[in-house]
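One-letter residues, chain by chain:
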Amino acid sequence: MTQVTTSTLVEVEGMKVHFPIKRGVVLDKTVGYVYAVDGVDLSIRQGETYGLVGESGCGKSTLGRAMLKLTEPTAGKVVFDGVDLSSMKGEPLRTMRRRMQMVFQDPMSSLDPRQSVESLLVEGMRAHGLDKGKESTGRRLRELLSAVGLPSTSLRKYPHEFSGGQRQRIGIARALSVEPDLIVADEPVSALDVSVQAQVINLLEDLQTEFGLTYLVIAHDLAVVRHISDRVGVMYLGGLVEEANSDQIYTEPLHPYTKALMSAVPVPDPVVEDVRERILLAGDLPSPANPPTGCRFHTRCPWRQESRCDTERPALRELAPGHKVACHWAEDIRDGRIRAHEVKPQLTQDDWDTGADDNSLAGPASVTETLGP
Amino acid sequence: MSTRTDKIDALAEQAARTDSAGVSVAAAAWRRLRRNPVFLFGAAIVVAFVALALLSPWLAPYDPGERMLGDQVIRARDQIPPPQEGHPLGGDQVGRDLLSRILIGSQQTLMVGVLATLIGFTGGLVLGTLAGALGGWVDTVVMRAVDVMLSIPGLLLAVSIGALFSQPNQFTVILAVAMVQVPIFARLLRGSMLAQRHSDHVLAARALGVRQRAIVFRHMLPNSLGPVIVQSTLVLAISIIDAAALSFLGLGNPDDRIPEWGAMLGEAQKAIDSHPHLAYWPAACIIVVALGFTLMGESLREALDPKSRR
Amino acid sequence: MALLEVRDLSVVFKRKGEEPFTAVDGVSFDVEPGQTVGLVGESGCGKSVTSMAIMGLLAKRGVKVSGSAKFDGTELLTLSDKQMRDRRGQELGMVFQDPLSSLNPVISIGLQVAEVIERHRGLSRKEASVQAAELLDKVGIPDPKRRLSEYPHQLSGGMRQRALIAIALACRPRLLIADEPTTALDVTIQAQILALLAELVKETDTALIMITHDLGVVAGLCDEVNVLYGGRVVERAGRHDLFRVPRHPYTHGLLASIPRLDAPRGERLSPIRGSVADNIPWTQGCAFAPRCPNAIDTCVEVTPAMEPDPVVAGERLLRCHNPVEPADRVEQEILT
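Chains as they are written, first to last, in the numbering used here: chain A, 23 to 395; chain B, 15 to 324; chain C, 475 to 810.
It is worth saying that the hints were derived from the structure and are not from the lab. Do not rely on the hints blindly, as some may be mistaken.
[To be verified] In silico negatives: residues of chain B with every beta carbon more than 12 Å from chain A: (1) Phe185; (2) Leu222; (3) Ile229.
[What the hints assert, rightly or not] No more than 16 Å apart at the CA atoms, straight line, and that leaves these computed lysine to aspartate or glutamate pairs for EDC-like: (4) A/Lys281 to C/Asp736; (5) A/Lys99 to A/Glu33; (6) A/Lys366 to C/Asp617; (7) C/Lys544 to C/Asp572; (8) B/Lys284 to B/Asp270; (9) A/Lys154 to A/Glu201; (10) A/Lys281 to A/Glu201; (11) A/Lys38 to A/Asp103; (12) A/Lys366 to C/Asp611.
Note that the Cβ used here is the ideal one computed from N, Cα and C, for glycine as well.
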């Protein structure tokens with residue numbers, strides 16, 4: 023929403039995060055991998071909001087965490103403001119964390135129930151030597167609270183004494199407490215009541231203007247992502263399938279998955295709903311432990327072609343300025359040379375029983391939670 | 015017009031102005047506990063027990079080691095001093111005042127319970143924290159050792175440890191009983207530490223750049239202690255019973271001048287056929303005290319468990 | 475007469491030593507065969523409790539249900555547990571939010587479906603199992619014969635929800651209550667499930683009560699919409715009327731606070747202030763008053779009644795002293 027400069031703040035190259043699936047009675051043996059993130063390149067410019075959208079299990083949360091080095095990437099490089107984070111460890115990495123913060127989905131579980139708001143907010147400042155004296159810290163705390171719209175009496179209270187929306191404000195204040203450049207917001211509003219979501223979305227926008235922040239917003243709700251983002255990346259099964267600015271992605275979605283996703287988002291307007299064309303995808307998301315060959319989406323794609331789709335993995339290529347898509351047939355689909363056809367739902371092969379299924383219920387980031395390091 | 019807006023704004027801000035000093039989780043749990051009759055009942059028993067232990071030197075009418083009714087003991091006829099004036103419970107097999115022994119016995123019993131729990135708790139805390147915080151091979155080594163200890167039935171383990179000491183005394187009993195509790199505490203703590211390690215708020219602290227040590231000691235450990243603290247109230251009861259069992263098996267403190275309920279129970283079984291009342295009194299005391307601690311622990315668990323919270 | 479007539483339904487939770495809590499407060503609505511009625515609202519508005527009360531699924535202790543819920547002329551609220559159980563299998567079906575916890579984890583999907591058919595339709599196990607496979611096929615589960623022998627954990631979230639719908643449909647219920655059936659699912663799967671439900675209603679003339687917090691879902695599916703706030707219905711209208719001219723400030727506020735996929739970029743959202751915790755009791759006025767931008771003196775003095783809308787035409791009931799004026803002339807023309 024703010025002035026977008028051209029300089030890049032974060033650059034991700036060839037990012038892969040594979041979680042080993044371990045089995046064994048005495049000694050764990052790796053029997054396979056969950057390909058949570060499997061080759062993603064993206065860059066986020068200073069001051070912009072990049073929206074990452076996708077369904078559960080597509081790896082968007084894992085990608086966000088790997089970018090912050092909260093999950094160790096299997097391969098790939100993250101360059102933050104010119105500094106390569108890939109080989110960074112220990113104290114230098116810890117100091118670096120001040121500049122990149124995170125806002126979580128569940129505001130209750132991401133706040134330590136034993137900490138008062140004051141101690142929650144001071145903790146990060148202390149860890150980075152930003153609490154210089156009682157008076158300046160106190161002033162800073164009041165500033166933070168007023169920035170996120172909480173009364174200054176909140177300091178002595180505990181997380182459970184606040185409503186969901188207020189807790190999310192505390193989480194945002196905590197992220198702001200260390201004066202970061204980048205904030206990765208992982209599903210920042212999906213746990214909140216509808217009437218409160220808008221408050222938090224507006225707050226995020228205001229804070230961006232006020233502090234010149236750069237955002238990576240990760241969400242499953244395309245409407246939210248489109249509303250808040252300058253550019254949007256769509257993920258499917260560990261890979262980026264389309265990237266465009268927020269208007270292009272709505273007016274001219276090029277990837278078949280983006281089209282389907284777009285058509286599935288309900289719009290609170292019966293007039294629109296009645297005339298909208300639905301692209302109903304057949305079947306379920308394949309297991310990220312056993313992704314389809316070639317294009318990951320070919321098993322469910324209504325535009326699938328006989329050749330290439332199941333053998334060759336399409337790379338992300340730029341079709342129009344700033345509009346990238348990973349589909350072999352994107353031009354033909356756009357120009358109407360290829361028609362959508364019926365797809366028979368395929369059984370999703372689960373050689374690994376629970377993982378993929380659980381994702382769809384537990385929501386985003388469960389891969390990391392169940393299998394993380 | 016202004017009254018209207020004032021009124022509405024006042025209502026709108028009502029929630030924000032409930033200006034309590036802030037209620038921490040522990041304080042909220044305490045509030046719930048205070049109104050829980052089960053907890054109050056358990057706590058009353060425990061408080062009475064502790065008070066008894068502290069005040070027993072003044073409450074006990076006689077020296078528990080003195081065989082003041084020794085002349086009424088006739089071994090050949092298996093006769094012991096019956097209840098009589100000044101000795102409402104009578105005497106034991108060697109003519110010591112039973113009431114005084116029961117009263118003073120509370121001291122040793124309390125000490126066994128508290129010390130055994132403390133030692134078990136500390137051992138478990140160290141092992142569990144190591145395993146839970148470091149993970150990796152430390153976790154594997156510690157947990158396998160714990161598994162081995164857990165695979166032996168608790169009492170059997172205590173007896174084996176007790177038997178290791180050639181000269182049993184009060185402290186060896188406590189140590190034996192405590193060792194049994196170490197793996198239980200360690201496992202419990204490690205489990206909840208692991209859950210904490212993957213929790214969002216620990217991830218949040220990592221993302222914030224908080225040092226690893228601070229994360230372990232300020233976030234993971236305090237949030238993992240709930241179940242462990244509850245366990246310790248239960249362990250207190252178990253320790254007393256285990257110590258009694260050791261005494262019963264003859265692995266207790268051989269010095270019987272200082273009474274202890276478990277030891278008294280062990281002594282009493284020799285004459286259980288003719289004088290069961292010698293066993294009744296210490297047994298009843300142990301049961302009541304164990305019940306007190308158990309009730310307290312159970313209600314504590316309920317109060318701390320977020321799932322049972324409304 | 476409507477298939478389901480709910481009148482003045484109230485549910486009060488009373489725990490020992492605590493203030494009684496009124497979760498549902500005088501809710502009335504009708505459902506006709508083949509009609510989809512939406513109950514919409516945020517957490518704590520009483521939408522789920524309403525459905526549980528109708529289905530007789532609330533605990534007996536500490537809960538006081540009053541009012542009436544007549545199904546095809548029979549009062550459901552006074553039925554015995556056994557009568558209610560029979561009816562639940564045969565005439566009333568229910569689909570819950572979390573399909574995993576609603577299915578028995580140790581019984582195969584096929585058996586769970588077949589059991590219901592067996593019990594309520596009196597078929598043999600074998601016949602029931604054939605029917606079960608047909609039913610799974612009908613709700614769009616691929617390779618239904620193989621799926622019969624699988625267990626809930628082997629299915630994905632979307633497939634589980636389909637299985638749950640199959641169980642609910644096993645005895646061809648005349649009324650289906652779906653309580654947030656797609657909240658735990660991804661949007662593309664949600665679209666599949668919603669399409670399935672819409673088709674069922676159309677084909678079998680089943681009455682559907684759709685409980686959701688998602689106004690988008692309502693807009694596509696429901697014929698009539700009840701907006702709940704603090705345990706009461708605050709606005710009821712046909713979906714076209716409701717979305718075109720939301721009259722209650724709460725409905726209006728909800729619609730203004732949702733980012734719309736088709737909205738132009740950069741349009742700022744207008745949230746409702748405060749949170750659902752900031753209610754006042756209905757007895758002291760309008761529960762929504764503390765958050766309402768339209769609140770006037772009367773709102774905190776007089777409890778608003780559910781009345782026909784005095785301004786905008788159409789079948790609409792409204793519980794508000796100072797409703798939102800229709801935004802512009804164009805909208806008024808459409809309606810009058």
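Which numbered hints fail
2, 3, 7, 10, 11
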